[in-house]
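Engineer: These are the residues of each chain, in order.
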Amino acid sequence: MIEALLLVLVCIIIGGLLSSLAVHLMPVGGAPAAMSTATGIATGCVMLMTGAAVTGLFTASTVASFWVTKPNVILVALSGAVGSMLMMGFTMFVGNLIYIFGAGIVPCSGRVAVDPITKDSQTEYKTPRTDGHGVPTASFVSGILGGFSGGFGGALIYVVLVSDSYAHFSVATAGIVAMGIFIANAIIAAYNIGGTIEGFHDPKFKARIRTGLTCSLIVSVLCGVIIVIAMLTGTLAGGVM
Amino acid sequence: MGEEEVKQEEKEEKAKPKEKFKISFDYFNESRLGIFALIIGILVAIFPGLPAFIKAIGMMIVFVWGADSVRKTARYGLGTGVPSIGVLAMGFGIIGGITGIAVASMSFGTLVVGGVEIAFGVLAGVALLALLGFVSGNLANGDKFINMKIPGLERGMTELGIAGTLVVLIETSIITGTYAITSVLPNVINNGVIAVIFIISAFAMLQPLNTCLGADERRGRTLLMSIEIGGIASIILGLVTALTLSAVQGVPLIVLGAVIWVVFYRAYMKACMKEAYAVKGTGLIKTLGG
Numbered sequence: 000m001i002e003a004l005l006l007v008l009v010c011i012i013i014g015g016l017l018s019s020l021a022v023h024l025m026p027v028g029g030a031p032a033a034m035s036t037a038t039g040i041a042t043g044c045v046m047l048m049t050g051a052a053v054t055g056l057f058t059a060s061t062v063a064s065f066w067v068t069k070p071n072v073i074l075v076a077l078s079g080a081v082g083s084m085l086m087m088g089f090t091m092f093v094g095n096l097i098y099i100f101g102a103g104i105v106p107c108s109g110r111v112a113v114d115p116i117t118k119d120s121q122t123e124y125k126t127p128r129t130d131g132h133g134v135p136t137a138s139f140v141s142g143i144l145g146g147f148s149g150g151f152g153g154a155l156i157y158v159v160l161v162s163d164s165y166a167h168f169s170v171a172t173a174g175i176v177a178m179g180i181f182i183a184n185a186i187i188a189a190y191n192i193g194g195t196i197e198g199f200h201d202p203k204f205k206a207r208i209r210t211g212l213t214c215s216l217i218v219s220v221l222c223g224v225i226i227v228i229a230m231l232t233g234t235l236a237g238g239v240m
Numbered sequence: 000m001g002e003e004e005v006k007q008e009e010k011e012e013k014a015k016p017k018e019k020f021k022i023s024f025d026y027f028n029e030s031r032l033g034i035f036a037l038i039i040g041i042l043v044a045i046f047p048g049l050p051a052f053i054k055a056i057g058m059m060i061v062f063v064w065g066a067d068s069v070r071k072t073a074r075y076g077l078g079t080g081v082p083s084i085g086v087l088a089m090g091f092g093i094i095g096g097i098t099g100i101a102v103a104s105m106s107f108g109t110l111v112v113g114g115v116e117i118a119f120g121v122l123a124g125v126a127l128l129a130l131l132g133f134v135s136g137n138l139a140n141g142d143k144f145i146n147m148k149i150p151g152l153e154r155g156m157t158e159l160g161i162a163g164t165l166v167v168l169i170e171t172s173i174i175t176g177t178y179a180i181t182s183v184l185p186n187v188i189n190n191g192v193i194a195v196i197f198i199i200s201a202f203a204m205l206q207p208l209n210t211c212l213g214a215d216e217r218r219g220r221t222l223l224m225s226i227e228i229g230g231i232a233s234i235i236l237g238l239v240t241a242l243t244l245s246a247v248q249g250v251p252l253i254v255l256g257a258v259i260w261v262v263f264y265r266a267y268m269k270a271c272m273k274e275a276y277a278v279k280g281t282g283l284i285k286t287l288g289g
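Which chain is which? The protein sequence lines are C and P, in order.
Mapping the first sequence onto numbering that gives the first Met the number 0, position 137 (from 1) lands on 136, and the numbers just tick up by one.
Mapping the second sequence onto numbering that gives the first Met the number 0, position 86 (from 1) lands on 85, and the numbers just tick up by one.
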């Protein structure tokens, strides 16, 4: 029993840290990106990350239902990661289609002079007085990595909560609790970013990631303790579905 | 500070003598509203046996408090938009609500005094989330951490944690009439009603400031919209309650929700039109008196 409680606590902390990392990796453009005057997808961190995480939870819960008892934790978490990556990939791809063929801009980074992956020069393609456009290669890869990290984290929390070897909540309880913890972490991370970020190559990422992960650690530990208290009551376990 | 604000608002009111319809939040400044809503919210939450429409009134008061907390933190600009803090409140609320219900379902979590059920256990969830909210407020505002420099963010996040949890608890008790986990799991969580609770409550807290924010935002007008969304939430909860409990509980809730929705929508629109410099109808929608 003690081992199961500790494992749930540790998995919630790891999941929280991964979701915070994921938000820092997202190419988020906010309102300026809607006018293609900033790099990234035209929405806030929270909306983007919640969308990706919920898709990840759907794939994870589908895969978790393949096992009658004791789902494989790593496999379910990985399937959540794949769901989130697909969601992020589609969002960025369709966003880029609209940016390129609709708005007629060239995706380029506003924060770095050379794309760290393709080594293409960026500065010539950037319209003066804007902060980059669209989703360039580095941001796209970063977004996919963010989807992997966030989906894995969210699905990890979900699977330890739903698995009958650990918390054994009902499917819906585990899903909504995993989403609650994910959102708390994602929003603290979003406040840390404070608006827009391009991905791992953005100078902001290096400057702020440590603070973000520290805050996420504290919030995740508290959330984990609260969930462990809920588990200790024993009333939620054996959730009949 | 609070009294000065009240006086200022009174002066503004006197400058517009033509205003007939007036619902004033002058007496309930931020602190008074917080204490009032906390007491009402806790009282409604620990008595799951109350009639549904009384609980709905309690829920609306907590909504107003949540919207007020969102207003006082988000008006300085969060950098991620107003919705983020309303969604955060409900993310906290879901964790706290489920923990509170789990504790209340234990043998010592609920007392029965003279046939009246008193669920003290839910207060555990409220207290834990107050702590979590306070810690995250300090993380977001602390010099060594994110350093957002928003005055009163610690207090705002604590209040949002409490308000979110109370809203989830009250809405659960409206739908099921009890905190017994055997009833809550099938009727609220497993059938997905919890997702509706999540988004409608988040909207009641974040939407008022999100629509009204700007240079001429006025607290009284902003909070009217929160009550209006509380009316819409009552209608939705009334439909769910009619299915889960009985029409006797559900129908008064729908009627209450409809009345509050119409009354406060009118009040809000009138306040907007009075305070606007000029109103010009487009002819597409028939505007009230415009």
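Simulated from the structure, these hints should not be mistaken for lab results.
Among these hints, one or two may not hold up.
[As the list claims (entries may be wrong)] Taking lysine-lysine pairs in the DSS-like style, the calculated list, with each CA pair at most 30 Å apart, reads:
(1) P/K71 with P/K143
(2) P/K279 with C/K203
(3) P/K269 with P/K279
(4) P/K269 with P/K148
(5) C/K203 with P/K269
(6) P/K273 with P/K71
(7) C/K205 with C/K125
(8) C/K69 with C/K203
(9) C/K205 with P/K269
(10) C/K125 with C/K203
(11) C/K125 with C/K69
(12) P/K273 with C/K203
(13) P/K143 with P/K279
(14) C/K205 with P/K273
[Claimed, not checked] Cβ pair distances, simulated, as ranges:
(15) P/S30 with C/P202: 38 to 48 Å
(16) P/G191 with C/N71: 48 to 58 Å
(17) P/F35 with C/G233: 55 to 65 Å
(18) P/A126 with C/A112: 37 to 47 Å
(19) P/G151 with C/N71: 39 to 49 Å
(20) C/D163 with P/I117: 27 to 37 Å
(21) C/I116 with P/N146: 27 to 37 Å
[Unchecked claim] Pulled a few chain C residues facing chain P out of the computed Cβ check, cut under 10 Å:
(22) I13
(23) L16
(24) M46
(25) V67
(26) N71
(27) I180
(28) N184
(29) A189
(30) H200
(31) F204
(32) I208
(33) T213
(34) C222
Where a beta carbon is used, it is the ideal one built from N, C-alpha and C, also for glycine.
Engineer: State the violated hints by number, sorted upward, taking the hints as numbered earlier in the document.
Structural biologist: 2, 4, 5, 8, 9, 11, 12, 13, 14, 16, 17, 18, 22, 23, 25, 26, 30, 31, 32
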